[in-house]
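Chemist: Each chain, written out:
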Amino acid sequence: MTQHTKHHSGSLFQGLVIFVLLAFLTAVEFFIAITNASVLLISIAALLKIGLVVYYYMHVYKLLEDDDEHDHHSYAWKLATNRLGLWLFLLSDAFVFGGMFVARFNLLGFTRPHLNQELGLIVTSALLVSSFFMNRGETQMAQGDRKGFLISTSITFVLGLAFLLGVVFVEWPEAIHEGLTVDGSAAGGIFFLMTGMHAFHVLTGLIFLLIILRNGLRGLYSAEKHWAVEAAAVYWHFVDVVWIFYYPALYLIGKAL
Amino acid sequence: MQNLRHYVVMAILVAIVAVLTYLGLDALELLPVAAAAQAGPIDWLFDLQVKLIAFFFALIIVPMVYSLVVFRRRKGETGDGEHIEGNTSLEVTWTFIPLVIVVILGYIGADNLAQIRRVDPQAEQIKVVGFQWGWRFEYPQGFVSNTLYLPVDKQVVLKMESSDVLHSFWVPEFRVKHDLVPGRVEDYRITPTLVGDYKVRCAEICGTSHAYMLADVKVVPQAEYDAWVSEQAVIAAAEAEAALANPDAGRGEKLYNEAGCKACHSLDGSQGVGPTWKGLWGSQVLLADGSSVLADEGYIIESIREPSAKVHQGFSPNAMPSFAYLKDGQIADLIEFIKTVK
Amino acid sequence: MTPTSTGNFTRALTFFAIGTVVGLALGILLHSLTSGGFDAATYFTDIPSWMLGFLLGTLGFFYGLLGYFGVVRGLVFQVIGTLAGIFLVSAIRAAMGLPFFDGRNFGFHEGAWVFGALVGAVAFLAGVGALTDWWKWALGEETHDHHEDIPGWRKYFGVSLDHKVIGIQYTITSLLLLSVGGLFALIFRTELAQSGLDIISLNFYNTLMSLHGIVMIVSILVGIAGVINYLVPLLIGASDMAFPRLNAFSFWVAVPAAVILLASLGLGGFDTGWTGYAPLATRAPIGIQMFYLGVWVAGWSSILGALNLVATVLRMRAKGMTAFRMPILVWASLATSIISLTATQLIGLSFQMSMFERLFGMPFFNVAKGGNPILFQHLFWFYSHPAVYVFVLPGLGVISELLPVFARKPLFGYKWVALSSIGIALVGFLVWAHHMFTSGMNEYLRVPFMYSTLLVAVPTGVKFFSWVATLWKGKIETPTPMLFVLGGIVVFLLGGLTGPPNATVSTDLHLHDTYFIVGHFHDTMFGGYIFPFFAAIYYWFPKATGKRLNETLGKWHFWLMTPSFIILTLYMMRVGLLGMRRRIADYDPMLGFDFSHLIMTIAAFGIALSVLVMFYNMYKTLKSGELATGNIWNSRSPEWQVPSPMPAHNYEKPFEVVGEPYDYGLPGSTYVKM
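Top to bottom, those sequences are chains A, B and C.
So for the first sequence, my numbering puts the first residue at 72; every next one is plus one.
So for the second sequence, my numbering puts the first residue at 64; every next one is plus one.
So for the third sequence, my numbering puts the first residue at 8; every next one is plus one.
One or more hints might be untrue.
As the list claims (entries may be wrong) - Short, incomplete list of chain C residues facing chain A, as computed with Cβ under 7 Å: (1) F164; (2) V317; (3) L356; (4) A375.
Keep in mind the hints are simulated off the structure, nothing from the lab.
Glycine residues also receive a C-beta, built at the ideal position from the N, C-alpha and C atoms.
Kindly produce the complete structure, drawing on both the sequences and the hints.
Modeler: Here's what the structure looks like:
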């Protein structure tokens, strides 16, 4: 038996608690935005959300887990190495999103595009709930509950798809209709760039989910060996983390133009 | 103590090499003549930097070459070098001292920058427009010139604009350069101190003829400057009047060459960024939306003032900047010229 | 070389000739069909036709050499994929009522070309076989952990998972790109040899000048990947990199990237320089999209290669190899990779934004619609400054690695040198706006960036002083690798010393966009990369091939290249100080620069000739060179404790680190226990 640290993947209950906290913080953000719009407070709420997702949903602490340091052919070693590789990839990807984030403030300062707040809340909720189900699905797989994993992951997929369709086929036409066009202004350009690049990552996430659903159905994963599931989940949560930055940046911070 | 001999020899060599390097570089006259007040502090700092370069060059090269000679493996020699792993105090020294030097240099640099950015609230303003691929200087007295006349020993602030892409204003003798950014007005303050003829050349890659984007700069005594300005103002006013009454194709051709039309509109029918002027006058112009319009006076005036109003089919709608600054008389001259291009 | 390979080579040349002629003819035909009539005078000056000829010629060459395999398959897929992508976008446009063809963009709408090129790159990867295993994993299929390489030289032209093969693939590709970039330089240096010359058009000059920059940069990225991928596993005692398939992908993605970059020549070129600034880029010919996309695709190679390196160093070191017992080159590679992994995304972003401005009208850099041209510069330089440390840190690591071997002394202050690489990498993230002092950026930012830029001199100084101290009291020999190490130090010193005048805002206002800058960065690039890269080749060639490069030819290479380069750079700086701007196709004879430029052109040809000497040396040695199967440099490093060429799986049994890496001169000390 290989040694593992005391941290487990968390329980289903823990996943629920974290979700409730995230939902609460989102409501707080929204409330701050419509009352006194303090950038500092909104940022703190967002950072707290990110901390929760990165720690509890993405279980970043697993990077420090023991493994078979010198047997490079053992599963434990490969798992830990793959995990490191995935996080390095996310670190790199974060720079793209960070760059666009900086560009948004360089171009628009403390103004923001005029967007449909209801739609914004709806798609944000869809993504947040999808993260809950993704975490649930991964936890279930870690506990050997293959059926639960399939159901939870399917729900994740549906919600993620709802987010994608909501952004691309409802938000975007609405924005264009309101005069926020791709080529009309820098505000339009940056809005479509940020939501578009994020949506693209949601799309790749959805493809990743389809892959693990298909392979999961064929019984390829077990409680001991389900790296692809963990990877898909962590990637999915990363995409959610980006939105936790982008939602306030586009919808909440600054004076609407 | 045998090391002491090495150190003494090297110290002497470093001093010699440093001094010789500096003297050599100094003798080369590395910079063009200084023709602006801003050049003073810059040249002074540059000289300091050359001294430092000479010193550090010597400090590295001398021990290197010395070691290569003294500690080379001679024929038949076996064995390794001396087992020296490091020396913490030495490491700290050669980290700390450069750090101190860097901070001091930074301070000197900041002070130097402040010196060259002194603002004279009485500075005369001249508008500079850079475009692909020429310069135009619009004087507050109401005329436009292709040569930049500047009075000696007085600060001017050039208000710089670009019609199209990034350009950069640089007269090497003035030292300071500054970019022209489309959509913004950039201030460039300079106090020429040496009467003479110079050239301003674009220093930011701006397309095909970037190499040739230049204009004459003449620094003249105040009296001569004032005389030139008054003269130009009078000429411009007279020309404007004359042009309205008697448009002249020759003046129009001059404008074609100097105002920038030449960059995009050919006279021989060849394809350019903009439609050719060959046969333009009186022709039917096919527009982007499929309709057509007669190339008459009204069309040409509108196309010069508001280029995006009617875009010739097959050409980019945003390529031509507005030339609304041209006076009615100048446009009339241009039209006369266009009429001659068959 | 075996007899069959020689036969293959003849066949390859024949097919190259056929392919070139067919491509050229096809191009001329297409051109005349679309521009209404033949014009004999333009036959041989139609650059797009030549590019098509060159593409098909290259395809023919490799087909003749290999048959339908590996890179050939990749290129065929790339061509088909490109056409498919072009067709798809054009068809969608047609369905929307827009014209299928676009006369002003070499036949197709700009979006079609861009999408086509992107699809082509992905298709290349599928065709060469770099995606196969991952595709299988997605479908839930198992794959082998190890893939046996096909025997002989053919393995270098297809997907191999062996880091040593990949390292050599990278290195050869880098030398190829170096030659292409160098050729461009020779052409425009000929144009510059005298004022008023008109050998090439202004637009062609601008394109060659721009391509010279970016092709050299890609050549450097690919070259350091070669050095790092070949050596790091050997240095830390690993049998391969952490992610071998990712490693193969990282190499192969650079190939279609280079094809796309060079394709810009056939699509009207571009005139912005390798910095690709908007707003000039917004109105540049369509070649700029190939430039942007080529760099974007190449970025994947950099980023994923860096990811692999970091994981490898963190996870696969031999027993006993604590952080401060790693070979110094591993520290350098780690520092480089930290930058590559992260900052590269920003050049991708800035280029992507400029591409979208052209394709979709997103006005990021158009002031009239709320955009900001200076934003491009900030995003661009946030990568491109740290990038130059990516370019030089490995080379500086090679210098640190080889000095102890040839001075027979420990690397002086090893810990400080190791940390100086990390220090340079970190501080390097804080200096980017020193490229923008004249740009009209926020005034109050200039002084802080001056301070941070000057600060980089401190860790860099630590390296120089440590190198000198390493030589001190050594027992120094100077075979060819050591000559290039020493040359690198001297040349990089010139680069380092000419840094502070650029770092200081007021003096930079004179120096920016002049040949002084060109001199400065050629010093740093040659000193920090070219010279150490050549040192690495001469030093590790025997390890890779079991043969030693000819020492006489090596010395000819060095003694021809070094004075040529020093003359070149000194003259560059001289004319720059006196008023010679950069990126200009011609200069005013009244400036009196003609003689200097003539000297510079001759020097450039001198450098080129010296590199040809090295190529000849490599060819001759591979064919019939002096055998060198043992520890010819008497190095303590692990890779030299096993025979050359390096065994297929590196070390039969993992070694253990029992001492310090550079304890030369300490009797009885060992570094590794095999």
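Chemist: Need the list of violated hint numbers for this structure, in ascending order.
Modeler: 1 and 4
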